[in-house]
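Residue numbers (this note's numbering), protein chains in the order written: chain A, 888 to 1207; chain B, 888 to 1207; chain C, 888 to 1207; chain D, 888 to 1207; chain E, 888 to 1207; chain F, 888 to 1207.
Simulated from the structure, these hints should not be mistaken for laboratory data. Be aware that one or more of the hints could be misleading.
Same chains, same label: a pair holds when it works inside one copy or across any pair of copies.
Unchecked claim - Cross-link-like lysine-lysine pairs, in silico, DSBU-like; alpha carbons within 30 Å at most:
1) Lys892 to Lys1204
2) Lys892 to Lys1115
3) Lys1115 to Lys964
4) Lys1206 to Lys1050
5) Lys1206 to Lys991
6) Lys1050 to Lys964
7) Lys991 to Lys1204
8) Lys964 to Lys1108
9) Lys1050 to Lys1204
10) Lys1204 to Lys964
11) Lys1050 to Lys991
Number of protein chains: 6
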Amino acid sequence: MTPDKRYRPIDAMVYPRFSGIRTFMRLPYVTDLTGVDFAVVGVPFDTGGTFRVGARFGPEGIRSQSTLLRPYNPALKVPIFDICSGVDYGDLPVIPGYLPESHKQITEGAAAVFASGATPVFLGGDHSVSLPLLRAAAGKHGPVALIHFDSHSDLWPAYFGGKDTHGTPFRRAYEEGLLDTARSSQIGLRGSLYDESDALMTTEVGMQLITGPELHEIGVKETIRRVKERVGDGPAYVTFDIDFVDPAYAPATGTPEVGGFTSAQCLQLVRGLAGLNLIGFDLVEVMPPYDPQGNVTCLLAANLVYEFISLIALSRKNKT
Amino acid sequence: MTPDKRYRPIDAMVYPRFSGIRTFMRLPYVTDLTGVDFAVVGVPFDTGGTFRVGARFGPEGIRSQSTLLRPYNPALKVPIFDICSGVDYGDLPVIPGYLPESHKQITEGAAAVFASGATPVFLGGDHSVSLPLLRAAAGKHGPVALIHFDSHSDLWPAYFGGKDTHGTPFRRAYEEGLLDTARSSQIGLRGSLYDESDALMTTEVGMQLITGPELHEIGVKETIRRVKERVGDGPAYVTFDIDFVDPAYAPATGTPEVGGFTSAQCLQLVRGLAGLNLIGFDLVEVMPPYDPQGNVTCLLAANLVYEFISLIALSRKNKT
Amino acid sequence: MTPDKRYRPIDAMVYPRFSGIRTFMRLPYVTDLTGVDFAVVGVPFDTGGTFRVGARFGPEGIRSQSTLLRPYNPALKVPIFDICSGVDYGDLPVIPGYLPESHKQITEGAAAVFASGATPVFLGGDHSVSLPLLRAAAGKHGPVALIHFDSHSDLWPAYFGGKDTHGTPFRRAYEEGLLDTARSSQIGLRGSLYDESDALMTTEVGMQLITGPELHEIGVKETIRRVKERVGDGPAYVTFDIDFVDPAYAPATGTPEVGGFTSAQCLQLVRGLAGLNLIGFDLVEVMPPYDPQGNVTCLLAANLVYEFISLIALSRKNKT
Amino acid sequence: MTPDKRYRPIDAMVYPRFSGIRTFMRLPYVTDLTGVDFAVVGVPFDTGGTFRVGARFGPEGIRSQSTLLRPYNPALKVPIFDICSGVDYGDLPVIPGYLPESHKQITEGAAAVFASGATPVFLGGDHSVSLPLLRAAAGKHGPVALIHFDSHSDLWPAYFGGKDTHGTPFRRAYEEGLLDTARSSQIGLRGSLYDESDALMTTEVGMQLITGPELHEIGVKETIRRVKERVGDGPAYVTFDIDFVDPAYAPATGTPEVGGFTSAQCLQLVRGLAGLNLIGFDLVEVMPPYDPQGNVTCLLAANLVYEFISLIALSRKNKT
Amino acid sequence: MTPDKRYRPIDAMVYPRFSGIRTFMRLPYVTDLTGVDFAVVGVPFDTGGTFRVGARFGPEGIRSQSTLLRPYNPALKVPIFDICSGVDYGDLPVIPGYLPESHKQITEGAAAVFASGATPVFLGGDHSVSLPLLRAAAGKHGPVALIHFDSHSDLWPAYFGGKDTHGTPFRRAYEEGLLDTARSSQIGLRGSLYDESDALMTTEVGMQLITGPELHEIGVKETIRRVKERVGDGPAYVTFDIDFVDPAYAPATGTPEVGGFTSAQCLQLVRGLAGLNLIGFDLVEVMPPYDPQGNVTCLLAANLVYEFISLIALSRKNKT
Amino acid sequence: MTPDKRYRPIDAMVYPRFSGIRTFMRLPYVTDLTGVDFAVVGVPFDTGGTFRVGARFGPEGIRSQSTLLRPYNPALKVPIFDICSGVDYGDLPVIPGYLPESHKQITEGAAAVFASGATPVFLGGDHSVSLPLLRAAAGKHGPVALIHFDSHSDLWPAYFGGKDTHGTPFRRAYEEGLLDTARSSQIGLRGSLYDESDALMTTEVGMQLITGPELHEIGVKETIRRVKERVGDGPAYVTFDIDFVDPAYAPATGTPEVGGFTSAQCLQLVRGLAGLNLIGFDLVEVMPPYDPQGNVTCLLAANLVYEFISLIALSRKNKT
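Taking the hints into account, I'd like the entire structure generated from these sequences.
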């Protein structure tokens, strides 16, 4: 796409950042992805939540705070829209209360995005949406490495007898062969568990485990090193549950766990993934009704999405 | 039950009302209903919600604010626990995200309460729970008159192709013959609709309709008269969606509609039902995460439940 | 415009109302107004505020809550989109902190909407924006009758020596001959004043005054009668400052005044304007940062806008 | 005091109302009351609270919102500071946690104000402070008529065995002979009670009782008539517990009761007291930590205080 | 107690964690402590508070958030209820506003718990409650080592002339010989003081002082080493004032001090106490009315209590 | 000034810290600065804000939380009022919406303070106020070194074509020669930019740049060293934009940027400036309407101001 035809945010010097329709970064709302490099896609589904709910308003909340973002990322030195054409694709259709039907719709919707060649960044919704998203990702790329930031493994076999909740997506993904677990990592796990065996699930399915306390111990740089070493050159999918972050920085989430990480550490971790073959991203479990007045959770989430698209731009730049 | 064996709230002169475990009115948490006159029963299920969610925390929120309530109702002149033995029965088990399974559990749980002879007051949850509750009610009493306070009819045939949501319970109940529609009324309906035909659903199924604007026009007393005239002597079930109330008085609900009613009008309406043969109650769609600091929604809900149990006490008194 | 080409909200049965990009009622965001009957237009300017500020976020807040609205208005019996093609026009460009420059931009932007033949509904912004909006309105229609709901007259000659604030727009409009004051009314005025003379400004410029206490005394119906009698057949412009409403119903505003009106009264007042020749509307002084969790102010504002567009539909219907 | 020496608020046309030190109405903070007509006096004591606490921040919250008030009262047609010299006297010293000691300090502090000839308006604090205030009032004026707006009688003999709480001040005042009960009224009482006998306490001590439901029934004007008829010409003291108001209008209070009154009704009731011999006022139980973002409770409280001082001005005017 | 008779939380796979009566961790509410290993005990007293108040709602707030906790502690590798029988003992009776009387009741109530052999974890309340709790602790165990996390020493001789406030408990405890100061430490002290001598009080009474800035300097591990070295083998009592934590992590407290610690540091510090002879715990100064929507303070407090009971389990395990 | 004539806070042992008129630290409100060492001065102007607004309430919010502060600073070992006489000077007059006029008033007001010999600490207001403040500072001291804590450089040439906003003050100051850029530093800059060139502005004007990520890398002590080395002995002015801090610690600001600093780091940085020739301070962009219930932003701001005045005291002490 020629620079002058690129989709980019509207001009903040004409329309101040508090004005205009709330798409992500005030990008054009576009559903024809021809020539588009990345697409931000809402997945406002939260029927999988087992404690607090309301992640259906996550995409709205993140879009609202994203208006503060500007097009140049100084930490990664990326002028995003000098390289990329990016859009807000709107939300995928879902049916609240109907999990299997919605998951089917989500997979179909996501598959269309993957098919277009644009790299998607999905905004959840609860973590159950990662399962249909991974189905679409693997449909295009085959089994993918998972880079999973979370305070929970979400590898439980079932919850209340139900196989599909926000605590089970990666168990299902593993069973369905969507993951290349040998190249995958779960990072930040912490908090109380039901059973000793819960603590072993990650390694049992073959993924690398870097617990929360371990991350505090070894630091961000060593964590990045270990994760990247594992991933190698193959396709990788990043899933970021906002409860990876400490509740002081991200109170608005479904099952918050104290003892977490700062916003600065999160930025550094995501930026550290530069150079990998990242084929898709999701950011889940943002729950605006629990965000106090300053909207710190939504703001942090918007910034993390911004780092994701910076990584996409960086990678597109390096390709050319 | 002899007075000294009656279940009643703990003594506020020994344990101040801000202290102690949060059961409703700090009643004993009891699951053997032998000799019990009324039971407050939580139904923390909200998978049927089509807009805002979080009514699963409704029972907790209502119990929390109910600690302010004292045992004598001066408006109805009822010393509740001089007449009644009352308990908090806890919550019925549910499976979040799994509507049919949960509805089955709710019906079973509610049937056990009805079977005990105690009059139940159910705390929702979203309005979808009224369907399994009515199944239990009709299982004992046959088709019941519905006294339905709401800003919506909840008679939609389906939502997003789904037959079970918080917008459809009374359509299903009607189809299943759980309602004696000729003796039933819907009160307070208002707000925008999808279609002109939506406005006709109440009368099409044979219920009396008193819309919100009509209630504003004719007043509370005439409304009570019309409702009671319809009900007659047969069994009646009261369902109160907190969105009947104006959002100024009850902001914390799933699909609020402006142009509603005051707390004083609500109290007067409920008290006006004295003398009817009321076999069960529910209070639904209270959503604590949306209740600002003063918790006015939960407080009003707790007071409405208090009027319900006052009506039960009044009726038990008159029987003796 | 043929029915199948009409702009209308996206289908809530496919995209639940909590999903999708937040335009007003999830109407298409369209800036070519050919064949369009009404346009909702944001004016996120708040440099005129003299106490609390933040009305620049008013359009976002109102759009967010407007997703709850459905297309049929049962009170006025209007199926809006069976009659009308309606769009969200986005926001007019403004320069925060630069009042004269912004007012110029607003007048130009609004003039384009008026010129298109679509009836505009403007979302403020503080009340200073009514001045440039009236300049555009009068530019097309000549001096207009003002139907002004507010707790303040906004007729002050100046504030802190400044001639342009949210307290002065109608003084300027009057001086510039934009108003047909003989056909105009100010409704709901109340609250403390600087001086006895403040209370006389409305009638001095030739408008009808119905104070807040008077409205409480004579009631809604008589108020409507007096206002309509004044207006006659000529073009009228409705400006609604959300502080007309009581702070219990609309806390999120710049200079709240207690002793106000209920949401039900507001709906009735606006609906009562049916039949007048209404050429434009604005709804101002909504300040989302002050709206507690339930967002009652933004919700009420969205509903008032809904009544405005219902009046437009009603009038277009009657014309055909 | 000559007009040019009168204490009055700072000029809002030089110092906008959001600026400056937060005294009541931005009046001078003055402790020498020579020549002063009225003094606003904080009494930040809340150890008497039996449920929610935090009324110690009441004076701060009320002062904060009072900056919106302007000097001319159009409803009563009183230009307050053309008649009166008024000040903010600051807060009386208290010892949190130490009730008898604090009550002693409050009586002494209040006595000094009464002695000066200025009419005091006290800002609570919980309702326990009315007892030491009445001791000071009666110390100067002898037994006074009580005009008591509240949802509770606060005539309980004791609470948890303690004789001094916010539920007992008027029992103590009655026992100490501070009240002329034959000229006194309690207005607005409602909400659940411990016992049937609680409902009789008002009349047993000889005061007139107008319950909440009664006030709803007979209306504001008849209520005023009955209260004034009782009071006669003797000295009267007004005590206004903010929980008289409905929680929708005043959520931030210690023991809220639904079924209350609107802000418009409150203003009308207070204004209706014009013409009585009012020797002092208090406004209690405002609890800012429970006031959501819009601060509606504090704002209403500030407006009620404004009506109190308007009554003082009116009475001083009529004297001259 | 045989495993099948152990008190443990209700099964989260049948009753989802958002449901049920809010006891701590949804443990049984039990007051007969025979065979019980630990008891969580509410002490909802806050009359000792000198600035913000409302800690009387601390036990409710902590219980509410504790429902998220699961029975296995992976950091300490403790399956709590495979080892322990634990209960929620409810709240001790108190008389708000009456400090000496309440302290007496608290000592008596706590003594009964200590006598039972169960290890108590007390939920405040303000810090004044540690005095009566220490009286009970010392009544059983003799003078105890104090491990005191706080931003204040609470060793002031008096406040406003009052000897009993939340700023004085450890001065009184010291004077009464309840503390073995040679084995005691105060950790985290910081914030402005009245006087230079305030900074010396800790060491003057013979306790080890590790100030906030010092802890930042030497780190968590060295701090643990120093504290444990001091304590030795004798009985130790842990008191944790939530204001030890930074206000970003725990805003809802009475006298917050910036420059504090993260949730991860707190967890590490408490876990570091493993191996000591810990005979009791309290967690104080949690003030739910000041906790914004995400309830981060109550959540952190619940997690700290969870670490306390994990330490108890660990110690019981090691004994067997 | 003799010790007994010094202005100091009122005695917290007589007037508890929750009581009294809200000046900074409850210092006397004094406008004659004869003999005064430092003056806290409000500058409630926010027309320069380009995103969120409301910093006009910053001085009120900071004063409110400052009541918690005590007179002895243990970290710096300074008994402030044994050395200094300090006052609250109130707010400078401003005209909301009128930037040039207000800037003129601010410069005049600030110049009077500088002229008195008292060291001023200004409370913003948005960052645009630093320009008129620097005009006054340079008016007395000549070009000053700037020590600028912020997440933005505020060196943009213009915004929306406007030369005066909160994003441009230091560009103007630089152009006007108010700054000795060779001795100046900008610390903490981070967050997305419009353009690569934005990242170069600091060094282009000759200031030292320590970005946010750099500060995270090199640490607080090295940062202090570099800043102080630059400043040398000449006069320096400290400007602290609260968005330097992470939004978890300071959510209530106009353009928050994640990845920031903790409160402990901020305190250490400010204390580290001891020994420099500091001639004035400002603390800007505090926006109380966005501060959730715990008021953590205002509390931190008040503490930073406290460190500023501690530095003043330290420097006055060393002079004598």
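A quick look at each hint next to the structure:
1. Lys892 to Lys1204: within (17 Å within a copy, 42 Å between copies)
2. Lys892 to Lys1115: neither (35 Å within a copy, 49 Å between copies)
3. Lys1115 to Lys964: Classified as both: same-chain Cα gap 21 Å, cross-chain 29 Å, threshold 30 Å.
4. Lys1206 to Lys1050: neither (41 Å within a copy, 40 Å between copies)
5. Lys1206 to Lys991: Neither way: lysine 1206 and lysine 991 sit 33 Å apart in one copy and 47 Å across, limit 30 Å.
6. Lys1050 to Lys964: between (43 Å within a copy, 27 Å between copies)
7. Lys991 to Lys1204: Result: close neither inside a copy nor across copies, 34 Å intra and 42 Å inter.
8. Lys964 to Lys1108: both (19 Å within a copy, 27 Å between copies)
9. Lys1050 to Lys1204: neither (41 Å within a copy, 35 Å between copies)
10. Lys1204 to Lys964: within (11 Å within a copy, 47 Å between copies)
11. Lys1050 to Lys991: both (15 Å within a copy, 18 Å between copies)
Consistency with the previously given hints fails for numbers 2, 4, 5, 7, 9, ordered from lowest to highest.
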